[in-house]
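Position chain B with the ligands relative to chain A; hints supplied.
In case you want the letters, here they are:
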Amino acid sequence: MHEAAIAQSLLDAILTEAQSQPGKPVAAKISCGAFSALNNEVLCFAFEAISKGTPCEGLKLDIEQKPIQAKCKKCGETFVFDLHRPVCTKCQCEEFELLPDAPLLLNEIEFDEK
Amino acid sequence: MRKVIVEKKILVANEEFANKNREFLTAKKLPCLNVISSPGSGKTTILAKTIEALKGKVRIGVIEGDIQTDIDARRIRKTGAPACQINTEGACHLSAAQVSFALHKLPVDTLDLIFIENVGNLVCPSALDLGETAKIAVLSTPEGDDKPAKYPAIFARAAVVLINKIDLLAAGDFNIEKAGADVFKINKKAKIFPVSAKTGQGMSAWCDWLEEMAAKKEIPA
Ligand SMILES: Nc1nc2c(ncn2[C@@H]2O[C@H](COP(=O)(O)OP(=O)(O)OP(=O)(O)O)[C@@H](O)[C@H]2O)c(=O)[nH]1
Ligand SMILES: [Mg+2]
Ligand SMILES: [Zn+2]
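Residue numbers (our numbering), protein chains in the order written: chain A, 1 to 114; chain B, 1 to 221.
Isolated chain B, as found in the complex:
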């Protein structure tokens, strides 16, 4: 038997594309937010409402990641914003190469901010670097307030945690204080915005944060 020390990174290809994306976005002075959540937590609804709310203030483009179909990109385009749909054909997350492709399809020179809606999945997307400026986690109240404790990887890395569907709070047992406390335990810098994309409640604080981000080109303190 002979041992050979290799010490080689396995995901080098993804890392190279992620670094390229980061360089590209920095050169274009474009903040890029990678939105991660379970399926159906309300990512597309939040993005569409956010685009409407920031019309005339922040020009937004969206990269839509889904396993199949271009339903979400079409929902975004209805708002007037440009969207590029990537179908991962079974893969549980977007790769940096797919994001690189989409960045070259979007009219980046006419944009102030880019959202990536990752494939609905709370686990895998948080492990893969896409070259984004920051990660945004969405947790909807029907999913339960134990998710930050159960899936710490995404909540530990997110710059913002949106707690969506607060219009349904009365019907369930989601405790915003508990979820928030669990996030802060692992991520002191997280901004938490309880929102309802449906009623618009809480959306202005989130939109103010985005406006600041688009103006400063970096994550607001």
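Chain A with its partners taken away, still in its complex shape:
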């Protein structure tokens, strides 16, 4: 639901980066944790709308949702947390801790040098 605000922060971040780079930013990869409540399509739609008339107009967003990781308290295994099967993938025990959600990151930008 907060995709519009995120899109604005993202646009600011890309435009700031683009100032020190030649060429036009044409694509960007971002990643976020699965609990960050972001919908990929809505974020792309919001970004498209607010980037009109900026150097980012038409930029293609690639969003990777990172799964939640958990750490087993018994055997120490770090595993991808599955809501439908919340047990350690190695020792099957239920004693685990959810690790912090992956932050919202701008990973890379692609510039067109023409």
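Check the hints yourself; a few may be wrong.
Claimed, not checked - Only pairs whose alpha carbons sit at most 25 Å apart, straight line, appear in this in silico SDA-like list of lysine to any residue:
(1) K9(B) to K20(B)
(2) K29(A) to V4(B)
(3) K189(B) to C75(A)
(4) K9(B) to T54(A)
As the list claims (entries may be wrong) - Partial selection, computed: residues in chain B whose CB lies under 7 Å from chain A:
(5) V4
(6) V6
(7) I10
(8) C124
(9) A153
(10) K185
Honestly, the hints are just simulated from the structure, not real lab data.
Here the structure is a predicted model, which is why all the values come from computation and not from measurement.
All residues carry an ideal CB built from backbone N, CA and C; glycine is no exception.
Quick look at chain B with the ligands alone, frame taken from chain A:
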């Protein structure tokens, strides 16, 4: 085409404010609880009743987040507790900067505990760090017992889950055991308190937990 690796956090501004809030609260030895739920689950009613129940024991201040109006802050002030209203003007959650502003408006040196009532919304507020000590989820029985399974983000992170409006249990089909089991599946440490802010049922166990929290300045084991 040329790729530039950036690896930059997008929400840095919020993170900086959240860290500042955490430092401020730690320095003041003030526990701060971020209360998150759907609209109308009973957050303000619970807070007002909690403040009354803990009068003379725990001095509480409240940061009220709403999209518009100061209705909730006025409801809190009626109890005698200080409240600071933040209007998010359309945003679906409070930001750490807004909380920072409110922390500087509240008479923090006369308080033992701070509640943040986040904007009524079960999804977005759980994603944004405000620098709070712990998150409290409220789920009211008319919403249905499937909410922990459907909205795991908040229930996985909450130190306490308040199941409110248990006075309405007889009228509906909410199964407390099922909701509780779904919470424990994703959050072994959660404390679950079934309460009715209306009748007061179950409120003393929750208030005891808060009293312990205010005394120890950390989340009770
Ligand atoms: N039956 C019953 N009603 C309750 C209880 N707690 C709150 N309510 C009612 O639920 C309605 C909403 O309560 P609020 O305290 O305003 O809920 P809220 O979560 O603060 O709402 P927002 O701030 O708008 O998200 C009010 O009409 C309350 O009187 C309860 O334990 N039982
Ligand atoms: Mg309220
Ligand atoms: Zn294990």
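Sort out which numbered hints this structure fails and list those numbers smallest first.
-> none
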